[in-house]
Structure formats: structure tokens, C-alpha cells
Amino acid sequence: MTTALVAHGLAKRYGARIAVAEASFEVAAGEIVGLLGPNGAGKTTTISMIAGVVTADAGHVEIAGHDLARAPGAARAALGLVPQELALYEELSARQNLRYFGRLYGLRGADLDARCAWALEAAGLADRAREPVQRFSGGMKRRLNLVIGLLHRPTVVILDEPTVGVDPQSRAHLLATVAALRDDGMAVVYTSHYMEEVAALCGRIAIMDEGTIVARGTVDELVAAHASGAVEIELSDATAAAACAAALRELAEVTVDGAGLRVRPRGALAPVVAAVEATVAATPGATLRALSTHGGDLEAVFLALTGHRLRDGAA
Amino acid sequence: MIGAALGKELALLARDRGTVISLFALPIVFIVVFGSMFKFGPDGDARRPVAVWAAPGDPRGAAVVTALDDAPGFRAVPAADAAAVRAQVAAEDAVAGLIVPPDFAPGAHPVELAIDLGQPLAVRAPLQGALTALVGRALLGAPPGAELAVVEARTPPGLSRPLDDITSFQVTVPGNAVLFGFFIALSVAMAFAEERRSGAWRRSLAAPVRRRTLLLAKLVPFFVIGLGQLGFLFGLGALAFGMRVAGSPLALVALSVLVVACAVALGLAFASLGGSEKQLGGVGSVVLLVMGLLGGCMLPRLVMPPLMQQLGLAVPHGWALDGYYAVLVRQGTGIVEIAPQLGGLAAFTTLFALFGAWRFRFER
Numbered sequence: 001m002t003t004a005l006v007a008h009g010l011a012k013r014y015g016a017r018i019a020v021a022e023a024s025f026e027v028a029a030g031e032i033v034g035l036l037g038p039n040g041a042g043k044t045t046t047i048s049m050i051a052g053v054v055t056a057d058a059g060h061v062e063i064a065g066h067d068l069a070r071a072p073g074a075a076r077a078a079l080g081l082v083p084q085e086l087a088l089y090e091e092l093s094a095r096q097n098l099r100y101f102g103r104l105y106g107l108r109g110a111d112l113d114a115r116c117a118w119a120l121e122a123a124g125l126a127d128r129a130r131e132p133v134q135r136f137s138g139g140m141k142r143r144l145n146l147v148i149g150l151l152h153r154p155t156v157v158i159l160d161e162p163t164v165g166v167d168p169q170s171r172a173h174l175l176a177t178v179a180a181l182r183d184d185g186m187a188v189v190y191t192s193h194y195m196e197e198v199a200a201l202c203g204r205i206a207i208m209d210e211g212t213i214v215a216r217g218t219v220d221e222l223v224a225a226h227a228s229g230a231v232e233i234e235l236s237d238a239t240a241a242a243a244c245a246a247a248l249r250e251l252a253e254v255t256v257d258g259a260g261l262r263v264r265p266r267g268a269l270a271p272v273v274a275a276v277e278a279t280v281a282a283t284p285g286a287t288l289r290a291l292s293t294h295g296g297d298l299e300a301v302f303l304a305l306t307g308h309r310l311r312d313g314a315a
Numbered sequence: 001m002i003g004a005a006l007g008k009e010l011a012l013l014a015r016d017r018g019t020v021i022s023l024f025a026l027p028i029v030f031i032v033v034f035g036s037m038f039k040f041g042p043d044g045d046a047r048r049p050v051a052v053w054a055a056p057g058d059p060r061g062a063a064v065v066t067a068l069d070d071a072p073g074f075r076a077v078p079a080a081d082a083a084a085v086r087a088q089v090a091a092e093d094a095v096a097g098l099i100v101p102p103d104f105a106p107g108a109h110p111v112e113l114a115i116d117l118g119q120p121l122a123v124r125a126p127l128q129g130a131l132t133a134l135v136g137r138a139l140l141g142a143p144p145g146a147e148l149a150v151v152e153a154r155t156p157p158g159l160s161r162p163l164d165d166i167t168s169f170q171v172t173v174p175g176n177a178v179l180f181g182f183f184i185a186l187s188v189a190m191a192f193a194e195e196r197r198s199g200a201w202r203r204s205l206a207a208p209v210r211r212r213t214l215l216l217a218k219l220v221p222f223f224v225i226g227l228g229q230l231g232f233l234f235g236l237g238a239l240a241f242g243m244r245v246a247g248s249p250l251a252l253v254a255l256s257v258l259v260v261a262c263a264v265a266l267g268l269a270f271a272s273l274g275g276s277e278k279q280l281g282g283v284g285s286v287v288l289l290v291m292g293l294l295g296g297c298m299l300p301r302l303v304m305p306p307l308m309q310q311l312g313l314a315v316p317h318g319w320a321l322d323g324y325y326a327v328l329v330r331q332g333t334g335i336v337e338i339a340p341q342l343g344g345l346a347a348f349t350t351l352f353a354l355f356g357a358w359r360f361r362f363e364r
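Listed in order, the protein sequences are those of chains A and B.
The first sequence runs contiguously to residue 315 in our numbering.
The second sequence runs contiguously to residue 364 in our numbering.
This is chain B alone, in the form it adopts within the complex:
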């Protein structure tokens, strides 16, 4: 029975271009677009331009330029005058600007840091801190004893070391895999609605098959399709976009299985609410997009304000992405390390499945 249902759903999927595009092609477009928007690591020229001006012949200007060019992550862009520095920052041609006044004096006449103070603190603060330290060291010299390490960065126990040189695709592949993976929920709900409308569901109910078997036979094919979708997206991510798996592949599989199970259970919950295909398509898409946004599928939760970061855990997407980031980025991450994320996903799956089973009406 379930084999027959799987064959039927696969044949229906093969003839449904819209669903194939939304499940398999659209995520690739999003991965490429978002991957290009969030460049970091070795992607392209990661050195961010900083406009610099100092009075001609002022050695402090040359010192700042040298310090910037020697620092990882920055490159100096000399400007004709102070106004040009400010104009470059305003035009976003430079991430920040440094204007060394001819009468530079710490405290009285400091270097002007031209920076958009309207940027989120999470973006501005690291830049402001790094440039302040860099300029201070270039103009005031290293304090006595600075040649000795004062601060040493170390990963604390409980956090495994991240991969070096990670690419943006390490983030955008799982982000979009989760976002579009949950769209299986919509396919499930719409398949129920379509069968009810056409009468095929009624015909199936009259068959000598137990109702719970009938329900399973409707859900299992979408579980298989969902696994295929995630397998395709992660496979493509690895082969075409250089995505790597820093942790255990088994953990990746376990996460993916739970993500798909959760999406299918959510589909049952949607289906249990009833409604036409049109209603489900409209409302369901918006709900899934909002869940994806909250969960960090489009913008990593890391750069969100603390409240939004917490809100992200109110949807399964947040738990899934925390797990994926750990498995994809942190070396040695196994099932034990992502147990909280697996637990979170399992809890959502159970919640959706119980709600769906409670509300679902065979005889609607």
C-alpha cells in the first residue's frame, strides 16, 4: 500500500513542474544569490576598503596606510582630501574612513573615524574596535611589553574548533535547505486538499485499508521526497559550492531525517486545519517564510539582536540551523554534540504530529 502510494506521489511530482521547481530549483537560486550577498572567508576579495587621508607629507598618514594594508581584512584607499573620505563612506565605497588631522593630538585633536553610526551595533562595533586599535598602534606605537602576548584566543572545552577558511555557502546551503525543506509541509497539506476536492480521498476511504495506514501512505512518500530534496541540496552544495562537512556525516543525516520528519508533521498539522488548495498555498507560504526568517534561514541568527535570536528557537528552523552550523563548521561534531538540536527538532515533530492527528478529520 505504502509502496503504491510512493510510486503514485513520485509520478505526480514528476509531472508537477511548479513543485519540482519550488523544491529543487528555487533553493539553488537562493543559495547562489545569498551566497554572493554574504561573502566572507576566502570568497573573492575579503579585504574591506578603508578610505584614508592625511596632510601631504604627514608621516602619520603613511603609517596608518601601512598598518591597514598589513592587517588582515582591510586595505587602505588613499583619498584626495577629508571630504573625499567622508563621501566614499557615505557612498558605501568604503566601509569606514580615517582622517588624520594635521594637528593630530590624542585627546585634543584625534583621528576622525568616518563610519555609519546607523549600522547595527553587531556590524559596527567590531569594525570600530579593530580600526581604533589599529590606528592607536600605528600612531602611538606599541606599549612596553606589547611584543609579549597579552591576550590569546582559544576555543573553550565544549566547542570544537571551526574549519579554517569557511565560505558563505557553508551557511547559505543549510539555510536554504531548511527553508525549502519545510516547504514539503505545504506539498503535504495541498495533496490532502486536492484529494479531498477530487474525490480520490473518498474513494480511498472506501478501500479495504485501515485509516491510519491510509494516512501513513499519504505522509511517507513526502518523507522520502523530502529526504531526496535535502540529499540533493547538500550534495550539490558539496560538489558545486565547495560546502564541507566538518563534523560527522552521520550527524548530518540524523539532522536531515528529523528536519524532514518535522516538515511532514507540520504538513499534517496544516492539512488538519482544512481549507482549499488556494488558501493553503497563500497562508502556508507566508507562515513558512516567516518561520524561515525567524529561524535564520535567510539572515543568520548570529547577526540578529538577542531577542530575535531567542525568538528563532520558537520555530524548528532555528534548532535545525544551529545543528547544521555545528555539523558543517565545527570539526568533530557528532550526534552527541548536537543532541540539544536533535531533541528540539524531535519535540517540534511530536508537537506537530500530535496536533495534526488530533485535528485531522478523515470524513471532512
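Only chain A is shown next, with the shape it has when bound in the complex:
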């Protein structure tokens, strides 16, 4: 797949406070990458640097092959930003908002008309196009907020918590739209506090904390590495099970039941799996018949990596 977005070594400091220490990731065309983190972790600053809204102290950004520092016009033209705030003029109509932001992105004439018509249709607002936005529900505003960022057909789109405060219908509509964008080959950076949304949509996930990306991977990889609740292992015989149990005592709480083991890792799952595989390999006649994880999910990963301390900052 073609790499649509490269963010490498991004850093930003406000006075003595480090908002982002180091953030690097790539997004391919047709891929959704989730960016997770508690409040103040540096997500918004990171996506602001990618969008060119905030000037990075270090690092570089490449959007659709255009270096943001060297060719800012081309790079920005290839990017769509959907801010967390409802970045709309409430007194203007949906159409007027679309036309204004469309012209900011260089759309004119028939092309602008066509794109506005598409956006209104995509947002389900075609019949409310002339109404002032202030009369819209929260969900309608969110949908308009989203399509404004897509109006100029960007190669990369950044969605900063696009489903905050919307009803289930609008949420489903927004998520379906995002999935369709991916299917159309758009590269998407998606931030949200709704873990199930991220788990369902994002092919890969990066988790940020205190200005740094602390983990990345698919949901399964992250769960396996950081938050497996319990692991069920079935071996070929009781001898192999006892050997494995002995090898795992330092890594997990282990209960032996004949040829079966129930393991609760004290930390990450990966070392547990590695130890099982090594023990099986070293035990003559032993085979691993089954290994399954239970209870681990993205939220558990998130909490395992970022802790339970309340975060009220914003960065």
C-alpha cells in the first residue's frame, strides 16, 4: 500500500512544558490509524502539527508525498482536518459554510457546486441546506463538521473525536462514512475516547501518553502484548502442562488442570506465550494443542499503558 502520511520525530514544547516529546507514525492509503491517549497526552498537538496548525519544534511531516515544510500549499491541499470543536459558522447555512471552506481549499464554480451537493448528500443535510446551522441538532452539526473536511477530496484526513456528543444514529452514520472513506483509499488518522469505535474501525493503533507514543500495533497485537485477561492453554499431556507451569511461575499465576493450564499474566502476554512455546519445544513429546485469551480488550490495554490516574490537561 502507498504511504499517504509520514510523521517523523514530531516534537513540541510550550515554554517548560513538553507537549509532544517524540511522535512518529505512518498511515497508508486505505488505512485508518487510531491515535489514543488520555487528556493531555499530546494527541491534539500531534495532529495539529501534522495539519500545519501548530508549527513543530522538530520532526517532519509528509502528506501525499509533499513535505509540509517545503511545499506547505500542496501538503495542506492534500489534507482534510475535522477538528474536535464544531468549527462552523452557526449563523450561516450549511451550504454557506461549505462554500466558504470549499473556497479556502481553492474550489470554484461548478466543481464547488458539485462538491457542496455531494457533501450535503453525504451528511444527510440536502433538505436542510439553507437553514442556519444554529438550528441543527448536535448530530447534524457533527456530520456537517465531518463533510467540510472532506469537501476537497483530501488524500489524508484527520478526524479529531468526530463522534463526541452525538446520538446513536448520527454516530452510526459518521462511522459508516469513515469506513467508506477508507474503502475509497483515503488515509485516516482517527482520535477518539470511544475504544469500541477505534477497535472496530482502525487497522492499527498508536497509544500516546505524556507526549510519547508508548505502544502501537493492531488491536490483537496490543491486547496480546499488554492486556490479556486470562490465557487458556491446552497441552498434549499432564507432564508437559506441569513443565510449562513451572516455567511460567515467575511470569503469571498458573492453575494446572490435567493437560490444561489457566494462566493470568502479571504483565504482558507475549513473554508468557514465548515461555510456553519454548517449554513445549524443549519437552520431548509435548505439543501445544490450543491457546486462547479471554477478557483482554483495548480499554484494558489503554489502562495498562496509561494508568488509572485522572488526566485533566489538554495538549
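Everything labelled a hint here was simulated from the structure, so no lab data went into it.
Just so you know, even glycine gets a beta-carbon here, dropped at the ideal spot from N, CA and C.
Worth double-checking, as some hints may not be accurate.
A few chain A residues facing chain B, derived, Cβ under 10 Å [what the hints assert, rightly or not]:
#1 53
#2 57
#3 58
#4 60
#5 79
#6 86
#7 153
#8 155
Rough simulated footprint, nothing fancy, chain A against chain B, three-plus residues with beta-carbon under 8 Å [what the hints assert, rightly or not]:
#9 10-19
#10 63-70
Dock chain B against chain A, hints included.
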């Protein structure tokens, strides 16, 4: 880009009744109210009442009454007795009173001038001087040779002749046009604050538009709206209130362009200080009102004490109004004659713009 921004700001303005009222309707109310308060020239009955009493049958009383009625600007109001004269002055039914004692004798028993000595000297002195001279001439007669001109009033070179019969609106229209014209500064600052709060500014920053173009696109629409506002107020002043332009219309346009540019630059300076819409609305309004007061928008600087007259030039409003008075009142005033005022406004514009550009933070 700037065309799109202009269209957007005009559409926003059309839906913002509060701003439309404060920029276009409120000035009209102020023009009418202040125009009615400061009547002079041919407005209504400009002859000011002077209460007069003399002993019944005293020919000196009749002479004073005749002299007052013959003089431009005064009319005699005969009173029943001396106490009635004083009471009329105290009640402000008369601007002054003249009591001719039955035993009138210059030096020993002079005519009593009843006048509020607490009035500002600038108001009292012309009245006191005129009435003293008028009574002296009525009671003592003209000195030998008085039929020949002793003093002749002439406008010195450098000052063009003023219009005859100017109305109070010649003063209140530009005064309020400048006062409310500078309120565009508040609209500019609040528009920035609102866009920052809503996230629209952030979205705009992500667009493929240079930041200085983005800034210009935010300022130019308010410049156009400000020009429209001044055009509307001066047009209405001419059509509805009989305001005339004694000097060059081009000079009027040049002044107005600089006034609006200065107001927009001040708006950028306000915006560069940050703050919420509420903070800007509260503090900005007070600052603009104080600037307007100092500059003579509500009370002409001409009637202020000398120190306040000088202080008025510490704000652009003072320079603007000096220019407008010259163009509106003095015949033949062109751009050259108001060059100092244009220069003053240009200096303020540059100062505000430089400060705003220096302090403005795109990424606040």
C-alpha cells in the same frame, strides 16, 4: 480567498442584529439626540433669553430691552422685579439677567448681571462680555467716533472661510460617525475571538492559504463594512439632517478611508491581546468610549479646557474630527489643508497595525 471572506462576513453581519444596530442604527439615535442638545446656527430659536428688570418708567430699562432685542443672539424677557430676574437665571429659564438699579450710576451703582459664575469660562466669558458691551452702549451711548469701524473681523490666511448658518448636525454627524466608526475595531477583535473559540480559525489555518493572506482576509471585510458604515452615516447626515460638505468631497473620502483603516488596525491590536468575546466586549467598549470622549466625539474639543484639548490628540478620534470639521465647515478645504490630520491618522494606523502584527499569535 478575500472575496470569499468578504461574502462570509457580510452574511454573518446580515444575521447579527446586535452588530447592525450598534454600527448603523445607534449612531443615528446619537446624532439626533446630540444634534438636539447642541443647537446653534439656524436651528430653532437661537436667540437666547435674557431677563431684564428696571424700575417702572425708567427709560434705561427700555433702552436695555431694545438693545437686547436688536442684538443678534439675544432676546429680552422683562421681569416683574429684581428677584424674578434672579429666580429665572437660577431656574435656567434665562441665560443671564440684567437688573438696572433705580439709582444707576457707573462705578457706584452699576447694572447687576445675574449669571451663573459656576459655568465654564469658555461658556460664561463670551456671554458676559457681549452683555457688558451691549448694556454699556445702551446706557452710556456710543463713544465719539464709534460709528467708524474700530475692529473688523477677518479670517487670516491659512484658515478658509466657514460656511454660513451651519447646523449642529455639521458637528454631531462626524462626531458620531467617528465614535461608532471605531467600534469596527471591536467587531474585528470579537470575530477573531469567536473563530478561535469555535475552531473555525484552526480549520482555516489548516487550509492551503498563507497565514498573512488569512489575516488580510479577516481584516479586509471589516474595512469594507466600515467604509459602508461611514458612507451610510455621512449620506444620511446630508440627506436627512442637512449636513453639508464645505470642502472637497475627495478630502472627505480620504479622511474616511484612513479612519476606517485606523479602526481596523486598532481591531487587530485588540485581537492580538487575546481574551474572550466577553472580555473584549466589556473592556473594548469602555476603551473606545473613553477614546471617543477624549477625541471630542460627544463634546467638541473646542469647548474643552486647553489640557483636555491637547489630550484629545492622543487618540485618533481627535485628529479625525479636526479633519472632518475642516472639510465639512471650512470652504475650499482640500487634502492639502487636512494633511496634518491625515498624517496623524496614518501614524496611528501604522502604530496599531505594527503592534497588532507583532503581538498577534496565529497559534494561540
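Hint check results:
1. Restraint check, residue 53 (chain A) versus chain B: the minimum CB separation of about 5 Å is within 10 Å; hint holds.
2. Because the closest C-beta pair between residue 57 (chain A) and chain B is about 12 Å apart, greater than 10 Å, the hint is violated.
3. A hinted interface residue such as residue 58 (chain A) counts as satisfied when its beta carbon comes closer than 10 Å to some beta carbon of chain B; here the least separation is about 16 Å, so the hint is violated.
4. Below 10 Å, beta-carbon pairs count as interface contacts, and residue 60 (chain A) has none with chain B, the closest being about 17 Å; its hint is therefore violated.
5. Using the Cβ-Cβ criterion of 10 Å, the hint placing residue 79 (chain A) at the interface with chain B is satisfied: the shortest such distance is roughly 7 Å.
6. With a least beta-carbon distance of about 7 Å to chain B, the hint placing residue 86 (chain A) at the interface is held under the 10 Å criterion.
7. Contact between residue 153 (chain A) and chain B, as hinted, is not supported at the beta carbon level, the nearest pair being about 13 Å apart and thus beyond 10 Å.
8. Interface restraint check for residue 155 (chain A): the shortest CB-CB distance to chain B comes to about 13 Å, outside 10 Å, so the restraint is violated.
9. Figure legend: the region 10-19 of chain B, annotated as covered by chain A; annotation consistent (4 residues with Cβ-Cβ distances under 8 Å, at least 3 required).
10. Closer than 8 Å: that is the beta-carbon criterion, and the region 63-70 of chain B has 0 residues meeting it against chain A, so the requirement of 3 is violated.
Checked against the numbered hints above, the structure violates hints 2, 3, 4, 7, 8, 10; every other hint is satisfied.
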